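Trainee: Going down the list, the sequences are from chains D and B. Under my numbering, the first residue of the first sequence carries the number 1, and numbering increases by one thereafter. Under my numbering, the first residue of the second sequence carries the number 1001, and numbering increases by one thereafter.
Don't read these hints as lab results, they were simulated from the structure. If you're wondering where the values come from, they're calculated on a predicted model, not measured in any experiment. Hints should not be assumed to be uniformly reliable.
[Stated by the list, open to error] A few chain D residues facing chain B, derived, Cβ under 8 angstroms: (1) Asp-4; (2) Leu-7; (3) Phe-9; (4) Glu-25; (5) Glu-31; (6) Met-32; (7) Gln-54; (8) Phe-55; (9) Gly-56; (10) Ser-60; (11) Glu-64; (12) Cys-65; (13) Gln-68; (14) Val-126; (15) Gln-128.
[What the hints assert, rightly or not] To spell it out: a stretch of chain B is covered by chain D in this simulated footprint if at least three of its residues, at any positions, have a beta carbon under 8 angstroms from a beta carbon of chain D; those stretches are: (16) 1054-1065; (17) 1069-1083; (18) 1104-1113; (19) 1130-1142.
Even glycine gets a Cβ: it sits at the ideal position worked out from N, Cα and C.
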Amino acid sequence: MWQDIVLRFRALFFRRRMDQELQEELDFHIEMQARRNRQHDVDPAEAKRQARLQFGSVVSATEECREQRGLFAMEMLLKDVRFGLRMLRKSPSFTAVAVVTLALGIGANAVVFGVLNALVLRPLSVPQAESLYSLHRNDNSAAVSYPDYLDLRDRNRSFDGLAAFNISQAGMDAGENPARVWLYEVSGNYFDALGIRPYVGRVFHDSDEHGPNSAPYIVLGYAYWHTRFQDDRGVVGRTVQVNKHPFTVVGVAPPEFHGTMLFFSPDYFVPMVNQEQIDGSNLLNDRGKRWIFMTIGHLKAGVTPAQAAADLNSIGSYLERTYPKDHGQMTFKLGRPGLYGDFLGRPVRAFVAGLMLLAGLILLAACANLGSLFAARAADRSREVALRLAVGASRIHILRQLFTEAVLISLIGGAVGLWGSIVLLRSLSEWQPFPRFPINVPVTPDANVYWVALLLTLASGFLFGAVPVRQALRIDPYQIVKSGSIGRIGRRITVRDALLVVQIAICAVLVTSSLVAVRGLVRSLHSNFGFEPRNTILMETGLDMAGYRGDAVRAMQKRMIDAMETIPGVTSVGLVDRTPLGNGSYYASNIFTDETIDLRPGNAVAESATYSISPDYFQAAGTALFAGRAFSWHDDENSPRVAVVNREFAGRIFGSPSNAMGRYFKRRDGTRIQVVGIVEDGKYQSLTEDPLPAMFLPILQSPSSETSLVLRSNRDPQQLAAAMQSTMRGLDSGLPLLIETWNQKLDLPLFPSRVATVSLGILGVMGAMLSITGIFGMAAYSVSKRKRELGIRMALGAQRKEVLQAALGRALKLLALGSAAGLFLGILASRVLAFIVYEATPRDPLVLAGVVLAMLLLGLLATWIPAQRALSIDPLTLLREE
Amino acid sequence: MAVINAGHKLDSLIVVDIRQQESLTCCRMSTPIGTDQSRLDLLQGTLDLLILRALRAGAMHGWAISERIQLISQDVLQVNQGSLYPALHRLERRGWIKAEWGVSELGRRARFYSLTASGRKQLEIEAENWGKLSEAIARVLRMA
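Can you build the whole structure from these sequences, using the hints too?
Mentor: Here it is, written out as structure tokens:
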């Protein structure tokens, strides 16, 4: 065995020497035989000749010896590869088309798989991410209150430390421009529970917490440290102002740690016990206020998620019993952090899975395309193949060669596609779709992507390489040498026809889905928001970030509104604490009928979106008031509590909007509020939500330091923004502001629709390009092969239309068949598409018409050149040549 | 007179095809040119066995091996020279014989083969198998 390896090694690297030695050995043998022959009195030359005859074929003996070396297969493979490369070089246009087609297919799949890998398969970049889970209640919300978190942390037996974090914003002043930052408020054991070691300095621990506001420390995120402090290690130990409170920087997190949410990178981390300084009010003691974003932890070794959920449920029922006022049903389930468990996780997974399916279809179409190209090429080379069979090549050898060529092409195409996809994925990773949010999609490619690309490449190579196999196997050399080539122009349905139909069907599906996505996007853009975003500018700020407290807040808000009203061109100015459809979150509170005595969450009629507004808000936002009145500045803290509600709210509490006017309802703290007005319904949390109840309270009765001003004006937004900036600077230069138009603000909720449309659009375009190539290829091929027939037809008097029909009829029939099949499939796939695009339904007549039109256009485009070629055939020259 | 047909890569009897006949028949009857040649297809391993046995006597080059087999079998077995060398290379790769360049009686150098330890063992095994096989066949011929 050892000898075997040594010999193989020698055979690989010293081939020439071994060949020489072999030759020498065989020569020696012949020499000896000649000597023997000379003993029979034959002259030397004759003896030599006889010796050679007696030996037999030296060549085949040499061949067989070489075979015995054991590297035969590899040598043949190398030869095949070289031959394949030569053949590909000889037909550059075919190679180029094939490589581009395959690059598109593999590239699309690599990109989609890269996204799938990063978002779904690859967990967060924390140590031991497989055992990290997040806690969710049954409505998928992960929010808990601080006292509940403490109980969960201390009473559970399933987790190796339970940590909590919240996302918040603050005003940061490090000596230069004050700016708003995004930060995590984290429990003391956050870094320890996750196993995160600091890059510079230290992180904080449980031991740093000594009660509320006792740990004014900051751990900077690596990216923020890089951009804001330019990697200055001296920043550790420095004191900065956060919301005008002094905090000390104690360390920097490692570069690959971006917190525990997949899309979101916070600028820095502060301890949760100092939450009051960040958020403006103390929420640590209220068991009913669920403000903490998420609780996460590593499962203890040997504990299954089901066991942990049971453990948590027992804690939940304890909390229900002990604090009935603050808890409704408390049952838990575990989810994966990163994509917020199922809430974001499920739609993202469905979306990416849908995309993967479509990308796979593209690859299939590309393979079909290449398969028919290959079959055509094989048919063209039938003479060469016949000759080779006749001189002794085995069919297996021919097939091996075909496959080698196919795999070569797919490797080249795959490499090109992979390179393109890497470029795309890298630039996608660095893309920040919303400048105001630190959101990005971390999809840098890793080893998985490369492996998958390689796998797909090889699979495609074998797939389309297999198409001409049947044909190659059935070649009868004698027939072909006699008659010339395989010229079968019958009416039978060949494999190539079937492939073309498959291709066109796939393209039709892709085009259908793109059009559906576009329609869905258009529809969602025109849906009723409950406000009119056009001609509106928003100015967002948080007064607590500049140190305003208590009454100063209200006073400042009034001053701001008055100041804004003085700007020329402004029609109306309104104020709201958080704009609807804003950050994706909204303040919801339980509402009870007036008759309810026991105000526990289980008895609530609904959870209503709650907004605090100034009197002119409805005017500024363009929200229609159906009945009653809006607020005035007389609805202050000394007047009876009033509210304006939307129709959905009125319907839920009072049965119908008409019953609602003047009636009362209760909030969780027992206050009775009277309904004085009814407004239209709208969207508050996301574009795809069911109708939600909403109530609007006067800002003076329900104060909030979060402030968004809504200015309605017809002026140019740039000028108006500048005017707003200078006015505000006159009022308070230390206030961090964010000014944008409402349409810009809607970018966030519209983002999923836009992404879906773009991706499906790109896939649709790719599918269209592949179809055009396919139809073009078939049409051109058929025209070129049937030149003689067409020439005869023309000579016999066929009109242009008849010639075109003969030349292109088949291709166009296949196009029609494929389109119909694809359209049908697209309609069937409406469920899949509904995952991707909101309100997607392929049954829309506009979509159907669009698809038909698109396929017609494709067909026209693709057959244009072959049609010209067919019509330009001159029968005289053609027939003369034959 | 028997013709040993070294089957091309197959361990079973094969039907010889027109193209392949020259190189595959490794032994021919040593008759004057012109007479009929009867061919007998035998197992491939037989040539290996003969080579190994011939080498037990000592190291020799390919020509000497073929001569020796012919001599000892009293001219009954004539090794087809075209199959000898592939067989030698195959045995070398399996590790049963080893090869060295040495000086031949002609003065020019030749490749000398000799048995290895595992080759000796293999020879014993194959000789035993051959003995069993021939005995079994003889028994069938006597009884059946």
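Trainee: Now, for every hint given, state plainly whether the structure supports it.
Mentor: Hints versus structure:
1. Interface hint status for D:Asp-4: upheld, as the beta-carbon distance to the closest one in chain B is roughly 5 angstroms, under 8 angstroms.
2. About 5 angstroms separates the beta-carbon of D:Leu-7 from the nearest beta-carbon of chain B, less than 8 angstroms, and the hint is met.
3. Hint status for D:Phe-9: violated, given a least beta-carbon distance of 12 angstroms to chain B, over 8 angstroms.
4. Annotation: interface hint on D:Glu-25 holds; nearest CB of chain B at approximately 5 angstroms, less than 8 angstroms.
5. About 7 angstroms separates the beta-carbon of D:Glu-31 from the nearest beta-carbon of chain B, less than 8 angstroms, and the hint is met.
6. The criterion of a C-beta within 8 angstroms of any C-beta in chain B is met by D:Met-32, whose closest approach is roughly 4 angstroms, and the hint holds.
7. Below 8 angstroms, beta-carbon pairs count as interface contacts, and D:Gln-54 has one with chain B at about 7 angstroms; its hint therefore holds.
8. Evaluation of the D:Phe-55 hint against chain B yields a held restraint, the C-beta minimum of about 5 angstroms falling below 8 angstroms.
9. Given the 8 angstroms rule on beta carbons, the hint for D:Gly-56 holds: about 4 angstroms separates it from the nearest Cβ of chain B.
10. Evaluation of the D:Ser-60 hint against chain B yields a held restraint, the C-beta minimum of about 5 angstroms falling below 8 angstroms.
11. For D:Glu-64, the interface hint holds, the least distance from its beta-carbon to any beta-carbon of chain B being 4 angstroms, beneath 8 angstroms.
12. Restraint check, D:Cys-65 versus chain B: the minimum CB separation of about 5 angstroms is within 8 angstroms; hint holds.
13. Given the 8 angstroms rule on beta carbons, the hint for D:Gln-68 holds: about 4 angstroms separates it from the nearest Cβ of chain B.
14. For D:Val-126, the interface hint is violated, the least distance from its beta-carbon to any beta-carbon of chain B being 54 angstroms, above 8 angstroms.
15. Of the supplied interface hints, the one on D:Gln-128 is violated, with its beta-carbon coming no nearer than about 50 angstroms to a beta-carbon of chain B, more than 8 angstroms.
16. Under a criterion of three residues with beta carbons nearer than 8 angstroms to beta carbons of chain D, the stated coverage of the region 1054-1065 of chain B is upheld, 3 such residues being counted.
17. With a cut-off of 8 angstroms between beta carbons, the region 1069-1083 of chain B has 4 residues touching chain D; three or more are needed, and the interface restraint holds.
18. Counting residues of the region 1104-1113 of chain B whose CB falls under 8 angstroms from any CB of chain D gives 6; the rule of at least 3 is met.
19. As drawn, the region 1130-1142 of chain B meets chain D at 0 residues by the rule of a beta-carbon pair under 8 angstroms; below three, the given contact is violated.
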